[in-house]
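Novice: Take a look at the letters that make up each chain.
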Amino acid sequence: AQSVTQPDIHITVSEGASLELRCNYSYGATPYLFWYVQSPGQGLQLLLKYFSGDTLVQGIKGFEAEFKRSQSSFNLRKPSVHWSDAAEYFCAVGAPLTASKLTFGTGTRLQVTL
Amino acid sequence: DAGVTQSPTHLIKTRGQQVTLRCSPKSGHDTVSWYQQALGQGPQFIFQYYEEEERQRGNFPDRFSGHQFPNYSSELNVNALLLGDSALYLCASSLLQGAGEQYFGPGTRLTVT
Chain D
1 AQSVTQPDIH
11 ITVSEGASLE
21 LRCNYSYGAT
31 PYLFWYVQSP
41 GQGLQLLLKY
51 FSGDTLVQGI
61 KGFEAEFKRS
71 QSSFNLRKPS
81 VHWSDAAEYF
91 CAVGAPLTAS
101 KLTFGTGTRL
111 QVTL
Chain A
115 DAGVTQSPTH
125 LIKTRGQQVT
135 LRCSPKSGHD
145 TVSWYQQALG
155 QGPQFIFQYY
165 EEEERQRGNF
175 PDRFSGHQFP
185 NYSSELNVNA
195 LLLGDSALYL
205 CASSLLQGAG
215 EQYFGPGTRL
225 TVT
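Taken in order, these protein sequences are the chains called D and A.
Residue numbers for the first sequence follow the working numbering, so the first one is 1 and each next one is one higher.
Residue numbers for the second sequence follow the working numbering, so the first one is 115 and each next one is one higher.
Calculated directly from the structure, the hints in this document are not laboratory data.
All clues stand as given, with none of them false.
DSBU-like mimics (lysine-lysine), calculated; alpha carbons at most 30 Å apart, straight line:
1. D:K61 with D:K49
2. D:K49 with D:K68
3. A:K140 with A:K127
4. D:K49 with A:K140
5. A:K140 with D:K61
Source: prediction; values computed, not measured.
From just these sequences and the hints, can you work out the full model?
Specialist: Laid out in structure tokens, this is it:
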């Protein structure tokens with residue numbers, strides 16, 4: 001069974017500081033990996049995805065993520081956080097080669113202080 | 115190009131009642147998935163529809179059922195509502211033969227009293 005662990009429930013960073021959100025997954029092979037962002041009361045917006053190839057993937061809003069097979073991790077990073085990045089971030093895993101169900105982590109709430 | 119749309123935005127129902135939620139997928143997409151997101155939790159997969167058939171199902175009781183129409187839009191029905199069914203219900207659309215990414219609608223907030 002596939003699963004996702006986001007060990008940090010809540011993270012606070014200062015505006016302009018760097019950010020890293022952790023994600024560990026469990027899957028029998030190399031899955032498809034995703035990061036989504038959710039603002040309060042809103043749906044989910046896709047930030048970036050990893051399917052294969054280059055292990056460092058770039059997304060929207062200046063985010064990037066690195067796939068590390070040996071650590072079963074897919075951590076999300078941003079060099080300089082903006083106040084508008086405050087939101088809930090979800091890591092998700094899906095089976096490759098098809099638009100199958102996504103399994104989400106419990107999310108990390110990001111607070112940005114000015 | 116319209117994204118995924120859902121209706122209604124909010125809904126309040128009483129225990130034991132039935133509810134129907136609606137979803138229109140992103141233009142060009144043929145697959146619709148439904149997720150339940152309880153407060154403070156990540157979305158949980160309910161089921162997925164493709165070619166008007168239920169293709170995959172998560173660990174949800176039979177009270178949860180769905181339908182997909184020829185125009186790819188979809189409905190989620192929940193019977194005999196329980197207080198625990200209160201949640202944000204998210205619809206996501208995708209291409210079955212695509213790269214696997216799913217695009218989410220804004221959700222329907224269901225409150226059961």
